[in-house]
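Number of protein chains: 2
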Amino acid sequence: MTKPLISLAAALALSAPSSAPLAAQDAPVGAPSPNEIVEGAAAEEWIAIPAEDLLVMTLAPATNGSERKVVIQLMPAPFSQGWVENIRTLARAQWYDDITVNRVQDNYVVQWGDLNYDNPEADGEPKLLPEGVKVMDESDYVQRVPEAEEEQAGRYRLIDSYAEATDVKGGFPVAQVGDFWWPVHCYGMIGVGRNYSPDTGSGAELYTVIGHAPRHLDRNIALVGRIIEGMEHLSSLPRGSGALGFYTDEEADKRTPILTVRVASDLPAAEQPHFEFLSTAGETFPRYADARANRRDPFFIVPAGGADICNIPVPIRRAGE
Amino acid sequence: MTKPLISLAAALALSAPSSAPLAAQDAPVGAPSPNEIVEGAAAEEWIAIPAEDLLVMTLAPATNGSERKVVIQLMPAPFSQGWVENIRTLARAQWYDDITVNRVQDNYVVQWGDLNYDNPEADGEPKLLPEGVKVMDESDYVQRVPEAEEEQAGRYRLIDSYAEATDVKGGFPVAQVGDFWWPVHCYGMIGVGRNYSPDTGSGAELYTVIGHAPRHLDRNIALVGRIIEGMEHLSSLPRGSGALGFYTDEEADKRTPILTVRVASDLPAAEQPHFEFLSTAGETFPRYADARANRRDPFFIVPAGGADICNIPVPIRRAGE
Numbered sequence: 000m001t002k003p004l005i006s007l008a009a010a011l012a013l014s015a016p017s018s019a020p021l022a023a024q025d026a027p028v029g030a031p032s033p034n035e036i037v038e039g040a041a042a043e044e045w046i047a048i049p050a051e052d053l054l055v056m057t058l059a060p061a062t063n064g065s066e067r068k069v070v071i072q073l074m075p076a077p078f079s080q081g082w083v084e085n086i087r088t089l090a091r092a093q094w095y096d097d098i099t100v101n102r103v104q105d106n107y108v109v110q111w112g113d114l115n116y117d118n119p120e121a122d123g124e125p126k127l128l129p130e131g132v133k134v135m136d137e138s139d140y141v142q143r144v145p146e147a148e149e150e151q152a153g154r155y156r157l158i159d160s161y162a163e164a165t166d167v168k169g170g171f172p173v174a175q176v177g178d179f180w181w182p183v184h185c186y187g188m189i190g191v192g193r194n195y196s197p198d199t200g201s202g203a204e205l206y207t208v209i210g211h212a213p214r215h216l217d218r219n220i221a222l223v224g225r226i227i228e229g230m231e232h233l234s235s236l237p238r239g240s241g242a243l244g245f246y247t248d249e250e251a252d253k254r255t256p257i258l259t260v261r262v263a264s265d266l267p268a269a270e271q272p273h274f275e276f277l278s279t280a281g282e283t284f285p286r287y288a289d290a291r292a293n294r295r296d297p298f299f300i301v302p303a304g305g306a307d308i309c310n311i312p313v314p315i316r317r318a319g320e
Numbered sequence: 000m001t002k003p004l005i006s007l008a009a010a011l012a013l014s015a016p017s018s019a020p021l022a023a024q025d026a027p028v029g030a031p032s033p034n035e036i037v038e039g040a041a042a043e044e045w046i047a048i049p050a051e052d053l054l055v056m057t058l059a060p061a062t063n064g065s066e067r068k069v070v071i072q073l074m075p076a077p078f079s080q081g082w083v084e085n086i087r088t089l090a091r092a093q094w095y096d097d098i099t100v101n102r103v104q105d106n107y108v109v110q111w112g113d114l115n116y117d118n119p120e121a122d123g124e125p126k127l128l129p130e131g132v133k134v135m136d137e138s139d140y141v142q143r144v145p146e147a148e149e150e151q152a153g154r155y156r157l158i159d160s161y162a163e164a165t166d167v168k169g170g171f172p173v174a175q176v177g178d179f180w181w182p183v184h185c186y187g188m189i190g191v192g193r194n195y196s197p198d199t200g201s202g203a204e205l206y207t208v209i210g211h212a213p214r215h216l217d218r219n220i221a222l223v224g225r226i227i228e229g230m231e232h233l234s235s236l237p238r239g240s241g242a243l244g245f246y247t248d249e250e251a252d253k254r255t256p257i258l259t260v261r262v263a264s265d266l267p268a269a270e271q272p273h274f275e276f277l278s279t280a281g282e283t284f285p286r287y288a289d290a291r292a293n294r295r296d297p298f299f300i301v302p303a304g305g306a307d308i309c310n311i312p313v314p315i316r317r318a319g320e
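Chains as they are written, first to last, in numbering that gives the first Met the number 0: chain V, 0 to 320; chain L, 0 to 320.
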């Protein structure tokens, strides 16, 4: 029996690697989907992510006892390196161990940190920061990107509501005005909690985006990376009933404990995750981006004729799979 | 003690009505936030939503026994009225009662319907549609909007990655190319599952957006409304482990039952919810939209200088509160 639902699935399949076979059951022949284009990329178009740039964050097990691991990719140079260095130092000092998820605001952010800092109702003193971790200032929000990199990545320009242009650099979505580029707040990106300017935070307080891209935060809060696996362990957490989605003390049991956060390169070899992202310099990425902006696979009637940078997520996969 | 977190909260407060008092604790004096601007709107700038346009969807209680109600606003004319009429008919025939949420795909959609239609693993026959419900065609995807309405709403234009212009009409976000306008896939919007074109679905299968706006679906799937209360009951559901986020039969217990879906005007007066939205024709909306595009409240350093239509959500509130 034909299952029309599967056709809807085909239309809604963009981010589902396994969509192609499913859709194929009753799909008319048509142009390849973005995922199918990526599956055809040559091995050399995939760039390994250094283990130094990966964090493994282990949450307390789910109520059914299942493991909850989140893998974070830290942002490469030239962006946000002051905060990124702080975050490696905090992870290696095991400062993040036993902090909690304290805020879940629908269509906005999940935020984790020290409950005595990260909680409007707290009255205790915050944990001290380890040696070498310093609160940053604004100088690192935007970067003049070296020529070479700009040539390497500058394969396409998209109309954007927030900048003169957007692009992908070092595997991360970025936006530009004049000579300056900055990383943007797409779904799953990780930012740094801060006090009022000129204080721009240390990296001890972090949040990730769980809704529509809050691009107004670009250049106002430092972005330091993104979640590349296990996002669902954060995005599906119960929303907080307090102001801004904070958990109130009455719902303290909803605060998910973070057991450990480790730099992947510090883990035993057998436990180290290995990921790679699709280069923008190869022949596949521009075709993938074009297919995201103009869906021509069977389900679609009217290609959009454009896309915002957060709807062209850089393909990332586990290495050797 | 100063709680820097509260300052971060101020920055991340856009969608939190109660943010202003919180932020005020240690916020420097500055321009009002978008929420503060909306709080200053005159009573006559709020437009009541007809009870005929509201659906109350009651999910099975949460594991802790708490009630889970979702309020849906159906789209007003001239958009999608064929599907909207089908949906009222389906609700009044109690067709939606005892269907389930069958798919939750992270950063994409939550989808509910008949498990024998809405499930790649099903082998039973789908429920028959009630008298008067017909599968629609493509003619209703875009609308030439009458002059008067266009003048009324045409207060601002925003650069958009997907259209020549975007705006708000009848309280809903819309986009335009040439003479034609269509509603857009923002967070919380509700769309209609369909088979391959020219079949565009009946309204028996519905989904809502739980991630970054999938604007490539605009003009390809009919949008029929949005969730205006209780979104968190859907967005925080566990993600499905099957292809496209469908729950597999091994995780059948994750399929949330939908107990009833009722048109609000059919409910006893005491149970009818009352909502209103902020008119775009008053003096407040343009100031609110400008403040969303250029945050000048204390936390911000660099106003974005723009916003996409999905980051200017139309303010909606319970009436008389």
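Everything labelled a hint here was simulated from the structure, so no lab data went into it. Ideal placement from N, C-alpha and C gives every residue a C-beta, glycine not left out. One should not assume that every hint holds.
Computed Cβ-Cβ distance ranges for the label pairs, DEER-style [claimed, not checked]:
no.	chain 1	residue 1	chain 2	residue 2	range
1	V	Thr247	L	Gly304	42 to 48 Å
2	V	Asp97	L	Arg91	41 to 47 Å
3	L	Ala269	V	Thr259	32 to 38 Å
4	L	Ser240	V	Thr259	22 to 28 Å
Take a look, some chain L residues computed to stay more than 12 Å from chain V by CB distance [claimed, not checked]:
no.	residue
5	Asn106
6	Leu127
7	Glu137
8	Glu163
9	Asn194
10	Leu216
11	Leu236
12	Pro256
13	Val262
14	Asp265
Structure-based check of all given hints:
1. For threonine 247 of chain V and glycine 304 of chain L, the Cβ-Cβ distance of about 36 Å falls outside the hinted range of 42 to 48 Å, so the restraint is violated.
2. Checked against the hint of 41 to 47 Å, the C-beta distance between aspartate 97 of chain V and arginine 91 of chain L comes to roughly 53 Å, which is inconsistent with it.
3. The hint said 32 to 38 Å for the Cβ distance between alanine 269 of chain L and threonine 259 of chain V, and at roughly 52 Å that hint is violated.
4. Between serine 240 of chain L and threonine 259 of chain V the Cβ separation comes to about 25 Å, which falls inside the hinted range of 22 to 28 Å.
5. Not every beta carbon of chain V lies more than 12 Å from that of asparagine 106 of chain L, the smallest distance being close to 5 Å; the non-interface claim is violated.
6. Its beta-carbon lying about 14 Å from the closest one in chain V, leucine 127 of chain L satisfies the requirement of being farther than 12 Å from that chain.
7. For glutamate 137 of chain L, the condition that its CB be more than 12 Å from all CB atoms of chain V is violated, with the nearest at approximately 6 Å.
8. A cut-off of 12 Å between C-beta atoms contradicts the statement that glutamate 163 of chain L is not in contact with chain V; the least separation is 10 Å.
9. A Cβ of chain V approaches the Cβ of asparagine 194 of chain L within 12 Å, the least distance being about 4 Å, so the stated non-interface status is violated.
10. Listed as a non-interface residue, leucine 216 of chain L fails to keep its Cβ farther than 12 Å from every Cβ of chain V; the least gap is roughly 7 Å.
11. At roughly 7 Å, the least C-beta separation between leucine 236 of chain L and chain V is not larger than 12 Å, which violates its mark as non-interface.
12. Proline 256 of chain L, annotated as away from the interface, keeps every beta carbon of chain V farther than 12 Å; the closest lies near 18 Å.
13. Under the 12 Å C-beta cut-off, the non-interface status given to valine 262 of chain L relative to chain V holds; the minimum distance is some 24 Å.
14. Aspartate 265 of chain L, annotated as away from the interface, keeps every beta carbon of chain V farther than 12 Å; the closest lies near 28 Å.
In summary, the numbered hints that this structure violates are 1, 2, 3, 5, 7, 8, 9, 10 and 11.
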